[in-house]
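Peer 1: These are the residues of each chain, in order.
2 protein chains.
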Amino acid sequence: MLKTPYLLFLGDAPDALAAKVAQGVKDWRPEFCVGQFRMSGCNADMGLADMTIEEAIAAGAKTLVVGVANRGGQISESWNAVFEQALSAGMDIASGLHNLLTDNPSLVDLAARHGQSLFDVRIPQQRFPIANAEKRTGKRCLAVGTDCSIGKMYTAIAMEKTMRERGMKVTFRATGQTGILITASGIPLDAIVADFMAGSVEWLTPDNDADHWDLIEGQGSLFHASYSGVTLALIHGGAPDALILCHEPTRTHMRGLPHCSLPTLEQLRDTSLNLARIVNPECQVVGISINTAALGSDAALAYMAEVEARMGLPTIDPFRHGADRLVDALG
Amino acid sequence: MLKTPYLLFLGDAPDALAAKVAQGVKDWRPEFCVGQFRMSGCNADMGLADMTIEEAIAAGAKTLVVGVANRGGQISESWNAVFEQALSAGMDIASGLHNLLTDNPSLVDLAARHGQSLFDVRIPQQRFPIANAEKRTGKRCLAVGTDCSIGKMYTAIAMEKTMRERGMKVTFRATGQTGILITASGIPLDAIVADFMAGSVEWLTPDNDADHWDLIEGQGSLFHASYSGVTLALIHGGAPDALILCHEPTRTHMRGLPHCSLPTLEQLRDTSLNLARIVNPECQVVGISINTAALGSDAALAYMAEVEARMGLPTIDPFRHGADRLVDALG
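Going down the list, the sequences are from chains A and B. Mapping the first sequence onto numbering that gives the first Met the number 0, position 65 (from 1) lands on 64, and the numbers just tick up by one. Mapping the second sequence onto numbering that gives the first Met the number 0, position 142 (from 1) lands on 141, and the numbers just tick up by one.
None of these hints come from the bench; they were simulated from the model. Only a predicted model underlies this, so the values are computations on that prediction, with no experimental measurement involved. C-beta: ideal position from N, C-alpha, C; glycine also. Take these hints with a grain of salt, some might be off.
As the list claims (entries may be wrong) - Among chain B residues calculated to face chain A with C-beta under 7 Å, some are: (1) V192; (2) L231; (3) H235; (4) C259; (5) I277.
To be verified - Partial list, computed: chain A residues near chain B (C-beta under 10 Å): (6) N131; (7) A190; (8) I191; (9) S227; (10) V229; (11) L231; (12) G236; (13) V278.
Isolated chain A, as found in the complex (with noise of 0.2 Å):
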């Protein structure tokens, strides 16, 4: 969908996190990445090359990809200069914001008179058929959660780069903004018609060799109100062979949700077992995935061993130790 290699744009980000997404797109594709722009009081560094968009086009960059995100997650009017300039030299522009590149007419007018793209990827860039709920060829695996922004998303593409280190058949498929970023193809599942969601997840996850593994970004949470229907979408469409757990030990209440618990690993495993054998009879829990930032090595390494004793599943924090035990798990 999206063109690479990227120009990532970092604009005036105050600081590392609000150029997240381009250290997501530098940490895991970094051969898309042929350099990085900042501008005047930019404090984030993704350690590429400063280019100019002349430099960026010299080096082949087809896509500006907006890597950073202001308060409240909106375009920058400061920034403006920068597209337009990109426009006129012959990139794509692409962003995850939520106000959009082609809600600006000059934007949208430049790109056509010298045939870019601009690429809100928060936005559906296809119709998507009804599910059909029929059987495709290839594995899929899907991480699951206690709750939403637990890691899901990081489990699935660090055990993809494992994967792909071992040499197997391995697709992550994105699901949400930044993912489609990093990947430069997705679909934007929180902002699909509700008819249409499992669809997309069958587009996005289509036949394949026999030892060919989608790894599918998850959404949200079965115990989340608020977006549970998307990720029932998810385990429906997606049907997975394999489902990870995925958990975060020290969170008191669902986020956004004061009032609303976390479910047990036990409920997690149950709920979204019963759930995916609905479409996948041959679906299993395959291992458990726990983001132990909060917690000191030992602290983190009693805690995995507690979870796998009485799970009776690899437990491991990807981000600490490598995704290989997750990896092994798919079998």
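Knowing the structure of chain A, use the given hints to seat chain B on it.
Peer 2: For chain B alone, kept in the frame of chain A given last:
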């Protein structure tokens, strides 16, 4: 949302089935219906007075409701002259068909000039919030099914009629096109963007008197891969206190999915209740509604007696025997 009363537009309906939306309005909201408008060739009849546009206006009609669908659910070219007449005379028009009134520039122009509105009830008429899962006052009941199109709407609206007759506080909450046209308000849940599904259902079922029941129109099925996400959003947004299980005993596979079998009523009960209690721990399954249209009278009674004994829940066909026992079960 829609202004009542209605003039029901039957167009050139080739048979009664083509006018089933009009039949639903006539059956469930006779007080909304001042008359019917039939074109030459119409073979449907609601038993209402046939009226011209002028006669309907004189009788107080505020909205022309398109109660007919031609093959493919499209608006016929031949209807437009009537629509233009209605707008010019001071009526709104409401339609649930696939092609849109608002995609016809001459209707849009005419409506604007006469200060009238075109309501395509398939299209959300507003923006909805993200669900917050906060406890609301009042009671809510939701029908869930072993499959789609199995009698969930009929069950809820039949219960509403019985509860009104008993003087109970009750509101049928429409979540689909037909329900919206029947009751003049509601949300087209399957057309709402994924992130806002559950929030739209919360909006639809706000705080109410402690002894008031919302009877929420069900959609899809947790066991139907194409639409299960919509159903879960309805369960988590609606936070029902009471669930009714709906089933059709002769159906051999999930609607539109010939390779997928139906779940048992036990599976429907356990899966629905497990998910509903995430948001409302007090939720109970209170009764079973069987669509026995395909069974003879004795076979229907025998089947329902068997289900009632096996499941330990009041089991009826509200079409054949009225909704009283389901209403009794609300307690």
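Peer 1: If a hint holds in the structure, say so; if it does not, say that too.
Peer 2: Status of the hints after comparison with the structure:
A least Cβ separation of about 6 Å between V192 (chain B) and chain A falls short of the 7 Å threshold, and the interface hint therefore holds. Hint status for L231 (chain B): holds, given a least beta-carbon distance of 5 Å to chain A, under 7 Å. The restraint placing H235 (chain B) at the interface with chain A holds, with a minimum CB-CB distance near 4 Å, inside the 7 Å limit. Hint status for C259 (chain B): holds, given a least beta-carbon distance of 6 Å to chain A, under 7 Å.
Because the closest C-beta pair between I277 (chain B) and chain A is about 5 Å apart, less than 7 Å, the hint holds. Contact between N131 (chain A) and chain B, as hinted, is supported at the beta carbon level, the nearest pair being about 7 Å apart and thus within 10 Å. Because the smallest distance between the Cβ of A190 (chain A) and any Cβ of chain B comes to about 6 Å, under 10 Å, the interface hint for this residue holds. A cut of 10 Å between beta carbons decides the hint on I191 (chain A): the least distance to chain B is about 5 Å, and the hint holds.
Against a cut-off of 10 Å between C-beta atoms, the interface hint on S227 (chain A) holds, since the closest Cβ of chain B lies about 5 Å away. The interface hint given for V229 (chain A) holds, since its Cβ lies 5 Å from the closest Cβ of chain B, which is under the 10 Å cut-off. Hint status for L231 (chain A): holds, given a least beta-carbon distance of 5 Å to chain B, under 10 Å. Using the Cβ-Cβ criterion of 10 Å, the hint placing G236 (chain A) at the interface with chain B is satisfied: the shortest such distance is roughly 7 Å.
At a threshold of 10 Å, the smallest CB-CB gap from V278 (chain A) to chain B is about 5 Å, leaving the interface hint in force.
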